[in-house]
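Chains A and B, in that order, give the protein sequences. Quick note on the working numbering: the first sequence kicks off at 1 and runs consecutively. Quick note on the working numbering: the second sequence kicks off at 1 and runs consecutively.
No wet-lab data here; the hints were simulated from the structure. The structure displayed is predicted, hence computed values, not measured ones. Every residue, glycine too, gets a C-beta built ideally from N, C-alpha and C. Mixed in with the good hints, there may be bad ones.
A few chain B positions that, by computed beta-carbon distances, are all more than 10 Å from chain A [what the hints assert, rightly or not]: (1) Val49; (2) Ala114; (3) Val127; (4) Gly178; (5) Ala182.
Just the calculated beta-carbon pair ranges, DEER-fashion [said to hold, decoys possible]: (6) B:Tyr8 / A:Asp62: 28 to 38 Å; (7) B:Val343 / A:Thr505: 52 to 62 Å; (8) A:Gln348 / B:Leu161: 34 to 44 Å.
Sample of chain A residues at the chain B side, in silico, Cβ under 7 Å [what the hints assert, rightly or not]: (9) Ile185; (10) Val188; (11) Lys349; (12) Gly355; (13) Ser357.
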Amino acid sequence: MSVPQGPPRLQMRGITKLYPGVVANDHIDLDVRAGEIHALLGENGAGKTTLMNVLYGLARPDEGEILLDGEPVLIADPADAIARGISMVHQHFMLVPVLTVAENIILGAETMGNPIFIDRREASRRIAELGRRFGFDIDPDARVETLSVGWQQRVEILKALYREARILVLDEPTAVLTPQETVEIFAVFRRLAAEGRSIVFISHKLYEVLEIADRITVIRRGRVVGSRLPSETNEDDLAELMVGREVQLTVDRGLSHPAEPVLAVKNLRVRSDRGQEVVRGVSFSLQGGEILGVAGVGGNGQDELVEAITGLRRVASGSVTLDGHEITGWPVRSRREHGLGYIPGDRQKYGLVLGFSVADNLILTQYYNRPFARGIQRNDAAIAEWSRGTIDQFDIRTPSEGVPAGTLSGGNQQKVIVAREFSRDLRALVLDQPTRGLDVGSIEFIHKQVIRKRDGGTGILLVSAEVDEVLELSDRIAVMYRGEIVAVVDGPTASKEAIGLLMATGGRTEAIAGPRAGAPGAPLGQPPGKPGDESPGPGVPS
Amino acid sequence: MISRLRGYASLAVVPALSIFLALVVASFLIILSGLTGPEGSLDLTLPFVAYASLIKGAFGSVTGMANMIVAATPLILTGLSVGVGLKAGLFNIGATGQLLLGGFTAGLIGALMAGAPPLPAVLAAVVGGILAGALAGFIPGFLKAFTGAHEVVTTIMLNALIQLMISGLVNDIFRAPGFSFARTSPVGNAELGGIGGTPLHFGVLIAFACVPFSYWLLWRTTLGFEIRAVGANPTAARYSGMSPRRMIILTMSLCGAFAGLAGTVEILRLGYYPAVFGTSIGFDGITVALLGRGNPFGILLAALLLGAMRAGAPLMQIQAGIPVEIIDVIQGVILLFLAAEIVVRRLFHLRAARTGAGELQTITRSYSERVTG
Chain A
1 MSVPQGPPRL
11 QMRGITKLYP
21 GVVANDHIDL
31 DVRAGEIHAL
41 LGENGAGKTT
51 LMNVLYGLAR
61 PDEGEILLDG
71 EPVLIADPAD
81 AIARGISMVH
91 QHFMLVPVLT
101 VAENIILGAE
111 TMGNPIFIDR
121 REASRRIAEL
131 GRRFGFDIDP
141 DARVETLSVG
151 WQQRVEILKA
161 LYREARILVL
171 DEPTAVLTPQ
181 ETVEIFAVFR
191 RLAAEGRSIV
201 FISHKLYEVL
211 EIADRITVIR
221 RGRVVGSRLP
231 SETNEDDLAE
241 LMVGREVQLT
251 VDRGLSHPAE
261 PVLAVKNLRV
271 RSDRGQEVVR
281 GVSFSLQGGE
291 ILGVAGVGGN
301 GQDELVEAIT
311 GLRRVASGSV
321 TLDGHEITGW
331 PVRSRREHGL
341 GYIPGDRQKY
351 GLVLGFSVAD
361 NLILTQYYNR
371 PFARGIQRND
381 AAIAEWSRGT
391 IDQFDIRTPS
401 EGVPAGTLSG
411 GNQQKVIVAR
421 EFSRDLRALV
431 LDQPTRGLDV
441 GSIEFIHKQV
451 IRKRDGGTGI
461 LLVSAEVDEV
471 LELSDRIAVM
481 YRGEIVAVVD
491 GPTASKEAIG
501 LLMATGGRTE
511 AIAGPRAGAP
521 GAPLGQPPGK
531 PGDESPGPGV
541 PS
Chain B
1 MISRLRGYAS
11 LAVVPALSIF
21 LALVVASFLI
31 ILSGLTGPEG
41 SLDLTLPFVA
51 YASLIKGAFG
61 SVTGMANMIV
71 AATPLILTGL
81 SVGVGLKAGL
91 FNIGATGQLL
101 LGGFTAGLIG
111 ALMAGAPPLP
121 AVLAAVVGGI
131 LAGALAGFIP
141 GFLKAFTGAH
151 EVVTTIMLNA
161 LIQLMISGLV
171 NDIFRAPGFS
181 FARTSPVGNA
191 ELGGIGGTPL
201 HFGVLIAFAC
211 VPFSYWLLWR
221 TTLGFEIRAV
231 GANPTAARYS
241 GMSPRRMIIL
251 TMSLCGAFAG
261 LAGTVEILRL
271 GYYPAVFGTS
281 IGFDGITVAL
291 LGRGNPFGIL
301 LAALLLGAMR
311 AGAPLMQIQA
321 GIPVEIIDVI
331 QGVILLFLAA
341 EIVVRRLFHL
351 RAARTGAGEL
361 QTITRSYSER
371 VTG
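Go ahead and model the full structure; you've got the sequences and the hints to work with.
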C-alpha cells in the first residue's frame, strides 16, 4: 500500500506530558496525513493512551503543540475535539444497550429540527445512508443489546462519522472481534481512508498493524523509538522496537506428553444467570501434560463452562471429574485443595482484591495454611518472606510486597495471579483469557510459564476468544458455539481460518475447511475421527 | 513506621475536617438561638462561649471525664458493630434493634438472677445480652446470604419490629408491679455500679477491651482476612475459596453481638428495662464508625469525642444557655460531611482518596452487586 501524499492533517509536535514521577510522553512527534491509516504501537504504559488523551482534550500537555491542517490549535476538552473533527472509539464501548442504534448515535448530537422533540425519522435516514456508504447495512431501529460485538463496534464508528469525524482514533478495535469480523472491519477502515479520513489505530497485535497500516509509529517509555512502513519491516523488528530487546514471539512449545486424564467433563449442562441453558451437553477429557484450547466468540457459554468447572456456578446436570474424584457439587476450596488451579478472565473482579497488598493477594487462596497461618492467627513474617521470594521468581515489578495490588500495572497484576496459581502443585489448570490486554513482554512471560506447567504434567484448559493465543499454545482445540462443542481439531495443524469460521458459524455452513470432529455436541474425549472411549490423547494426526 | 503514621494521618484528615466544618455550621445555629427568647440579642461570641463550656464540661473535672467515658462506652460498642460490618461490606443500620434486644434480654436475665451473687448474675446477663444481639444480627445476615435481601432494608424493618415487640412485652407480660410507669423488675445484684466512687463501671472495661480485640480479629487472624476480603471484593473472595455467605452471616452476628453488649451495658447500669428506652446510641454508632474510618482505634477516638460532647452538654446549657440538642445537630452535620467526602475534599483542595474502596463506597456498591452466587 502506498503512503497517501498531501499535507499532514494532524501534527503533534514535541508533546510532553509529565505525571508525578513519570514522563508519560517525552517530546513525541506524530504526523497523520489525510486518508492515512496510522498505527500507534507500544506496550501497555508506553504512553499511547496519554498521547491520545492529549489529542482528545482529556489531558493538557506540559509542552508541545497540536496542528490541524497546519494551524496550531488548543483542544480544551472532548467536546472541543469532536467539534474539530476528532473522534475516539474506546476499547470498551460507550453504548446504551437498551436504546436503538439511531438513539445511541444521536445521543448528545440530537438533530435539532425542533428544540423539544427529536426527529427520529431524519436521524434514522441519515444513519442508514451513512452505513450504506461505508459498506454495512445497519438497521437504525435495532436495539443495541441485540447486536453482536462486531456490529456494536460499527455503531461506535458510525457515531464518529455522524459527528463528521475527520480523524478517528481507534483504541484496540480488534481486541473483541473474531478473525472474520476483523477482516470486515478492516475493509471499513480502508473505505474510510479512501474517503480521505485519517485513522489512528492503536494496537499491540503486530500482524494486524502490518496488514492495515500505511505507517507505523512505535512508542516505548514515552518516546517515539521508530517509524516504519509496513513494507520495510516485520513482526520481529516491530516487537524488538516495542520492547527494547529481542522478543520470542512464538513460544517454543515442543511436543506434549499427555498422561492420564486429569479433568473430565461429561454431558455438562449449565444455566446462565437469566436461567437460559448456555452450556448444552458439553463433554471432554483433558489429559495431564496437554493444553486443550477452547475457542469461541465471547458469550457462547465459555464463561459458564469455566465457572461450572471451577465451582463458581452450579451445574444443571452432568458431571465434572478431577483426578478421579467426582467434584460436581464440591465447593471451590475443595476443588483447589485437590489440585485445580484457575486464572480468571476478569482479573480485577475475580482475581485480585485491589485494595489488599500484593502479599495478601499472593496468599489469597492459601492464607489459612501453614506457614501463612498459625492456628487462627496470620503469620505476617512468613507471608512477607514467601511473597518476596515469589515476587522475585515471577518477576513481578512492584516497589514492595506491601503496596496495594491496585497500584500495579495490568501485566504485573496478572503476574500476581499467575504466581499465586503456578506456585503450587496442580493437576489441572483452567486459564480464562490469561493474557487479555497484556503487552508483548508479559504475554511472552506468561506463555512460557504455561508451557512449563504443562511439561510438568499439569493438564491445562485454555479458554480464549483470541484465536491466535489458542492456536499458539494448544495441543488440541475445541470450538464452542452456542453452548456446544462443535468441533475438536488438532492444535499444531489447525488453520486460523478454519477455527474462525467454526467460531462464527458453528460449522453449519458448507464452507468449512480443516478437520472437524463429529456432529455438534458430540463428546470429545478423543481426537478427530477416532471412535471409542479410551482416549489416546492428542498428538499429531497420523 | 513513618509511612505508617503518615497513612493514619491521611485517613484522619477528612474526619477532622468534617468535625471542624460541623462546628462552624453549628455556630451559626448557636448565634441564631441567641437571638430568640425574651432577652435575645445578636452575640457573635456565643459559639466560643458555648464550645468553651462544652470542653470544660467534659474535661474540666474528673467527674466530667468519667462521665465522658461512661457516655462513650456504648458508643464504642455500637461503633464497632457498624464498623466491623463495614469491613465486610455490610451496612448495619440495625444496631438499634440489636441493642434493644440485647438490653432487654440482659434486663430479664438480670431480673431473674437479681438475688444471685453479683459475679454470676452479671456474667449471665452479659452473655445473654450478647447472644440476643447476635441473634438480631444473624437474621438479616441469613436473609442476605440466602435470599439477597439487602441488610439496610431488613435491619431497618427489624429495628421497628424489635422495638414494638419489646415495648409490648414490657407493658404487658414483663411489667413489674408497683411502679408508676411500665418497666421490668430491678436487676438487683446484676446491676453495674460505679467503681471507687466514680460512675465508671465494669462495662467500661469490656467495651475498651473490645477495641484491641476487634483490631486483632480483623487484621491478625485468618477469619478477619476473610471478612475483609469478602468486604473488599466478594467475587474474588468466592473465587479464592472463601464463603461470602458464611462470612456475611458470621459478621452480621458479630455486629449484633457488639450492639447487644452495648444495650446490656446500658440496661445493667440503669438497673431495669424501661418501656420507653428510646435511645440514639444505635444510630450514633454509624457516625462513630464512619468518623473512625472503620478502624477500631479510630472508633474508640470517635466514641470518646461524641461521649465528650454528651458529657459536656449540660454545662453548656447552663453557662451559655444553648440547648443540649445542638449536640445532635453537630453529630448530624459531621455525618453529612463524612458522607459527602467529596465536598470536604473540594473545600480544602485535597486529593482524592487512595486506591481501594472507602467505607461508604463499599456500601453503595453493595446495592448494585450480587454478593453471593
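Could you work out which earlier hints the structure fails to respect and list their numbers in ascending sequence?
9, 10, 13
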